[in-house]
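**Q** Protein chains in written order, with our numbering: chain A, 1 to 182; chain B, 183 to 581.
Rather than coming from a laboratory, the hints here were simulated on the basis of the structure.
It cannot be assumed that every hint is accurate.
To be verified - Not the full set, but computed from the structure, chain B residues with beta-carbon under 8 Å of chain A:
{"hint": "1", "residue": "T238"}
{"hint": "2", "residue": "R239"}
{"hint": "3", "residue": "I295"}
{"hint": "4", "residue": "E300"}
{"hint": "5", "residue": "R303"}
{"hint": "6", "residue": "P371"}
{"hint": "7", "residue": "R373"}
{"hint": "8", "residue": "T434"}
{"hint": "9", "residue": "T449"}
{"hint": "10", "residue": "T454"}
{"hint": "11", "residue": "K549"}
{"hint": "12", "residue": "L552"}
Heads up, the beta-carbon is just placed ideally off N, CA and C, and yes, glycines get one too.
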Amino acid sequence: MCKGWSALLLLAAALAAQSPKYHVGRAPTSDEIKAWDISVLPDGTGLPEGKGSAVEGKALYESRCQKCHGAKGEGGDYEQPIAGGKDTLKTPKPIKSVGSYWPYATTVWDYVNRAMPFDRPETLTHDQVYSAVAYVLFLNGLVGEKDVLDAKSLPLIKMPNRDGFVKDPRPDVAAPSKKKGS
Amino acid sequence: MKKSNRRRFLEITALGGTLAACKTGGKVEEPAPSRLGKPVSAYGERAPFEKAARWTRTTRTPEQASSNTPHQDLNGIVTPSSLHYERHHAGVPRIDPAEHRLLIHGMVERPLIFTMDELHRLPSVSKIYFLECAGNTSSEWPEKTAPDVQQSHGLASCSEWTGVPLSLVLAECGVKPGASWILAEGADPCRMSRSVPLAKCLDDVLLAYGQNGEAIRPEQGYPLRLFVPGWEGNISVKWLRRIKVGDQPTYTRDETSKYTDLMPDGTARQFTFEMEAKSVITYPSGGQKLSGPGFCEVKGVAWSGRGRIERVECSTDGGKTWKDAQLQEPRLRIAFTRFRFPWNWDGSEALLVSRCTDETGYVQPSKEELIAVRGLHSNYHYNGTKVWKVAADGSVSNV
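Please construct the entire structure, taking both the sequences and the accompanying hints into account.
**A** As structure tokens, then:
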């Protein structure tokens, strides 16, 4: 991505060996870390216990999500669709939804857990988050209505656009052909 | 009588000094020292005649929205904090600095929690850096472009940022071998989170608490934000509460669903961090009007996430011919550079455009060159040149 980074990584190794210089700050307890650490990795690391399917997710979605995202995830108060758009990415009207665009199902869990419902974030139980995610994936045709999602099954879902992402090749646009000083 | 004359004088002055005063044709009276002015005050306010304001488009979810800097009203390179652009994903949280904590954990020898007071005790630096939303200028991809520079380029601003180098704090924690990324997380209701390569963190990333000499504004992440110089604004996570060191990106929603760039072949570029060189003419610009032919100093700003601006050229014929603009010193790396270009307008239609070159030799492309490579749907990271049309009647518009 950027030249000179390997040198910096060596520096990182050097940092590890360093002992603290300023002795400012305190050590957190493991409970404190556990309470704050809500992020989830693509392999499922960080997913908590709990489970849910689209069957339970339906009622939750209708009462807590539908107003902003539409009955079928097509968009509501928040206009961008979270479902649909299959095979549209190459077309003149690409639709970037959870199903058509997102590379990892774990990201849906992580995001709904931290940020949704938009008007009352972090009010869903873990079971409710699994159910809501199951329903969103169901709307996208990626899980069956009765498929139960939990910390084991969620990371196994292969998202259609999983391999759709490429590295940043910039600078990619050639400079205009002109002589220096013209 | 005397009083009202004086008020008129003040208003005229505010409208642009002698020029406006001449137009009224009346005799300009010296303000009489007949009345005392306002006493000293605890926190300053701008002159009541000044109306520059951020602009925002209407939305049904205003907490998930942005507001744009009025470049057409600004001088120099520092954006007033009150006019710095905003981009929030769940509104501006109200955070008591006495309660705020930063947790650093993950692949570190010693996880640490810092209070704001503790962070203020650590060695600090101040740097002038621009900040630009990845979506700035995305108005320019379609055929119909933005009518003024605030709408087209207002999601970029420039401030002096003060804080603690992240490398210093990471050294306190002791990064474990094998670590290569961090996750930065905000305390806003959506817990904004982004992955940042560790190498960048050890290079120039700041834990910033100061902006333009005072505490960072609430809209900019009070009391603490990550500041990642030269990279898309979203990654400079505001209201920073947690850094987790790891060996891979987390692939959060804002680095998968958003802030990735869709190409015509259906693939999307991921981790498009750098903001490439960009420049724009702020005067005369869309929505303004020149009162008549004659001298006019063309002004604008240029910046590059890859370093210093080395050159800005201006054209008055839509890019057929170019001449060098003057660059205001000091030219700082990853900061706005103000440029100026003396122009004698002959009163005929003109197409004003600027293009910049940064220290890597990269030249700002035209809209056509950009679209030829990236198509029309990558949304983010537009940095093409912007053309303003000056009509024979002096009115300036987008093309």
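**Q** Determine for every hint whether it applies to the structure shown.
**A** Outcome of the hint check:
Given the 8 Å rule on beta carbons, the hint for B/T238 is violated: about 16 Å separates it from the nearest Cβ of chain A. Taking 8 Å as the C-beta cut-off, the interface hint given for B/R239 is violated, the closest approach to chain A being about 12 Å. With a cut of 8 Å, the hint placing B/I295 at the interface with chain A holds, because the nearest CB-to-CB distance is about 5 Å. Nearest Cβ of chain A to the Cβ of B/E300: about 5 Å, under the 8 Å cut. The hint holds.
A distance limit of 8 Å between C-beta atoms decides the matter here; for B/R303 the minimum to chain A is near 6 Å, and the interface restraint holds. The beta carbon of B/P371 is positioned within 8 Å of a beta carbon in chain A (closest approach about 5 Å), and the interface hint is therefore held. The beta carbon of B/R373 comes within 4 Å of a beta carbon in chain A, closer than 8 Å, and the hint placing it at the interface holds. For B/T434, the interface hint holds, since its Cβ comes within 8 Å of a Cβ in chain A; the closest pair sits about 6 Å apart.
A hinted interface residue such as B/T449 counts as satisfied when its beta carbon comes closer than 8 Å to some beta carbon of chain A; here the least separation is about 5 Å, so the hint holds. The beta carbon of B/T454 is positioned within 8 Å of a beta carbon in chain A (closest approach about 5 Å), and the interface hint is therefore held. Nearest Cβ of chain A to the Cβ of B/K549: about 11 Å, over the 8 Å cut. The hint is violated. Restraint check, B/L552 versus chain A: the minimum CB separation of about 6 Å is within 8 Å; hint holds.
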